[in-house]
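These protein sequence lines are chains A and B, in that order. Residue 15 in the numbering used here sits at position 15 of the first sequence, with consecutive numbering throughout. Add 196 to the 1-based position in the second sequence for the numbering used here, that's all there is to it.
Certain hints may be false.
Claimed, not checked - Computed, partial: chain A to chain B, Cβ under 7 Å: (1) Ile8; (2) Ile9; (3) Leu81; (4) Ile86; (5) Ile87; (6) Pro88; (7) Ala91; (8) Leu92; (9) Ile99; (10) Leu126; (11) Asn132; (12) Leu144; (13) Pro147; (14) Leu185; (15) Ile187; (16) Phe192.
If you're looking for bench data, these hints aren't it; they were derived computationally from the structure. By construction, the Cβ of each residue, glycine as well, lies at the ideal position given by its N, Cα and C atoms.
Listed below are the residues making up each chain.
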Amino acid sequence: MILLVVLIIFHFALAEQVEQNPQLAAGAFWVALFFAAVLGQSRTFVAERERGCLTGLILTPADRSAIYVAKVIVNLLFIGLVEVSIIPLFALLYQLPQIARPGQWFLLLVSVTLGLSIVGTLLSSLGLSARNRELLFPILLFPLLVPILISAVEGTVALLPDGDLATSGVWLRLVIGYDIVFFSLSIMLFDFALGE
Amino acid sequence: MRSLNRLAVSFRPILAVGAAILVPISLYLIFFYAPMERVMGPVQKIFYYHVPSAIVSFLAFFLVMVGSTMYLLTRKRNWDLLAGVSAELGVVFCAIVLITGPLWARPTWGVYWTWDVRLTTTLLMWLMYVGYLMLKVSAKESPKRASISAIYGIFCFANVPIVHFSVRYFRSIHPHLFKMESVGKPALSPAMSQTFFFCMVTITVLFGWVLLERLALAETEEEIELIREHVRQRVDDDGLL
Chain A
1 MILLVVLIIF
11 HFALAEQVEQ
21 NPQLAAGAFW
31 VALFFAAVLG
41 QSRTFVAERE
51 RGCLTGLILT
61 PADRSAIYVA
71 KVIVNLLFIG
81 LVEVSIIPLF
91 ALLYQLPQIA
101 RPGQWFLLLV
111 SVTLGLSIVG
121 TLLSSLGLSA
131 RNRELLFPIL
141 LFPLLVPILI
151 SAVEGTVALL
161 PDGDLATSGV
171 WLRLVIGYDI
181 VFFSLSIMLF
191 DFALGE
Chain B
197 MRSLNRLAVS
207 FRPILAVGAA
217 ILVPISLYLI
227 FFYAPMERVM
237 GPVQKIFYYH
247 VPSAIVSFLA
257 FFLVMVGSTM
267 YLLTRKRNWD
277 LLAGVSAELG
287 VVFCAIVLIT
297 GPLWARPTWG
307 VYWTWDVRLT
317 TTLLMWLMYV
327 GYLMLKVSAK
337 ESPKRASISA
347 IYGIFCFANV
357 PIVHFSVRYF
367 RSIHPHLFKM
377 ESVGKPALSP
387 AMSQTFFFCM
397 VTITVLFGWV
407 LLERLALAET
417 EEEIELIREH
427 VRQRVDDDGL
437 L
């Protein structure tokens with residue numbers, strides 16, 4: 001829902017320019033998606049914490065990183081669900097032109113979404129208090145997400161009609177590298193995030 | 197860590213005296229010994245404090261990572277204090293870089309700010325560590341405060357090179373507004389590089405001294421907090437209030 005609102009706001013802010021160059025639409029799309037993903041993820045562990053379920057989960061003999069991976073998958077699916085509903089709508093509202101390599105763009109979309117949920121899940125597992133969750137979570141998360149935001153926008157622009165196709169692969173590789181670095185770090189650090 | 201503390205206590209006066217001597221000398225060198233830059237004029241003298249501050253802020257953020265990692269591994273409070281104190285100083289020195297940079301950029305490049313690789317990375321780095329400090333302050337009542345901020349400290353450090361690379365790709369694809377190479381890196385005359393080297397040492401000594409002072413202060417704060425907790429416990433137990 002917030003996505004739709006942001007998209008409409010962007011339309012009013014950028015209306016005429018978008019018709020002239022579709023690159024701006026790529027920026028608007030990703031910024032809207034990032035906002036939605038960041039706001040949605042701050043509550044990843046809230047239900048478990050409030051009802052003491054997390055303690056139970058920690059006490060199970062399973063490896064703790066399994067909890068983390070499960071939560072990453074859940075967030076991935078949630079953001080994916082949002083994307084499935086918003087992409088057709090976005091293409092409709094902004095008259096999005098053809099994308100050069102749909103397969104590659106899909107790969108970019110998946111790896112960016114994965115990056116969003118990898119970092120977002122770990123930050124939300126830190127268990128910020130309710131007041132901080134609203135204010136601090138986006139402040140902490142956005143700077144960490146800058147590399148994939150740049151890659152997502154530029155990777156999309158490269159695939160648009162006037163884009164430079166040769167550079168599109170660089171951005172995809174950058175996002176995948178980011179995912180690998182932060183996934184390994186998160187697996188190592190998740191134990192400490194949950195505490196004893 | 198205990199022996200490190202003793203080392204720190206004995207180093208503190210040495211570094212304090214060192215900083216007190218070095219700072220005036222470095223100012224003298226900057227304004228009277230180093231020759232005037234031909235193109236940029238007196239404004240180039242910012243360089244002698246700008247660049248060392250940048251390097252020292254990197255050093256500080258590296259210490260945040262070291263302190264955070266060591267805290268998670270050893271669970272010793274001192275490492276957490278080191279990380280927090282280094283983050284504070286890193287943010288201060290990084291702010292010096294971000295303030296002196298535009299002052300220098302305006303007369304030489306014609307603009308206060310350009311979204312160049314180094315500028316963008318520095319700004320984002322500053323933002324991340326300001327976030328780190330906000331996290332540390334706001335999680336004060338949380339028992340997991342140290343682990344939480346340690347995890348974020350490690351994340352920030354891992355992110356800095358990735359931000360740098362992504363912004364570099366970003367800029368290399370877009371047209372360059374300024375030829376940074378020709379303006380940004382002036383060939384230094386021997387007197388200039390001597391002055392620069394001296395300033396580098398000065399700023400590092402200054403950083404080391406302030407770091408140790410702040411560390412001692414943080415330890416005292418902790419002790420006071422412990423004593424206060426203890427007293428509160430006693431008062432509660434004895435029913436004095």
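Results for each hint:
1. Ile8: Since chain B brings no Cβ nearer than about 28 Å to Ile8 (chain A), farther than 7 Å, the hint is violated.
2. Ile9: Status violated, d = 24 Å.
3. Leu81: At about 26 Å, which exceeds the 7 Å cut-off, the nearest Cβ of chain B leaves the hint on Leu81 (chain A) violated.
4. Ile86: The hint is violated - Ile86 (chain A) has no Cβ within 7 Å of chain B, the shortest such distance being about 24 Å.
5. Ile87: At about 24 Å, which exceeds the 7 Å cut-off, the nearest Cβ of chain B leaves the hint on Ile87 (chain A) violated.
6. Pro88: violated, 29 Å
7. Ala91: violated, 25 Å
8. Leu92: violated, 29 Å
9. Ile99: Since the shortest Cβ distance to chain B is 18 Å, the answer is violated.
10. Leu126: Holds. Min distance 5 Å.
11. Asn132: Given a least distance of 5 Å, the restraint on Asn132 (chain A) holds.
12. Leu144: Because about 5 Å separates Leu144 (chain A) from the closest Cβ in chain B, which is inside the 7 Å limit, the hint holds.
13. Pro147: holds, 4 Å
14. Leu185: holds, 6 Å
15. Ile187: violated, 12 Å
16. Phe192: holds, 5 Å
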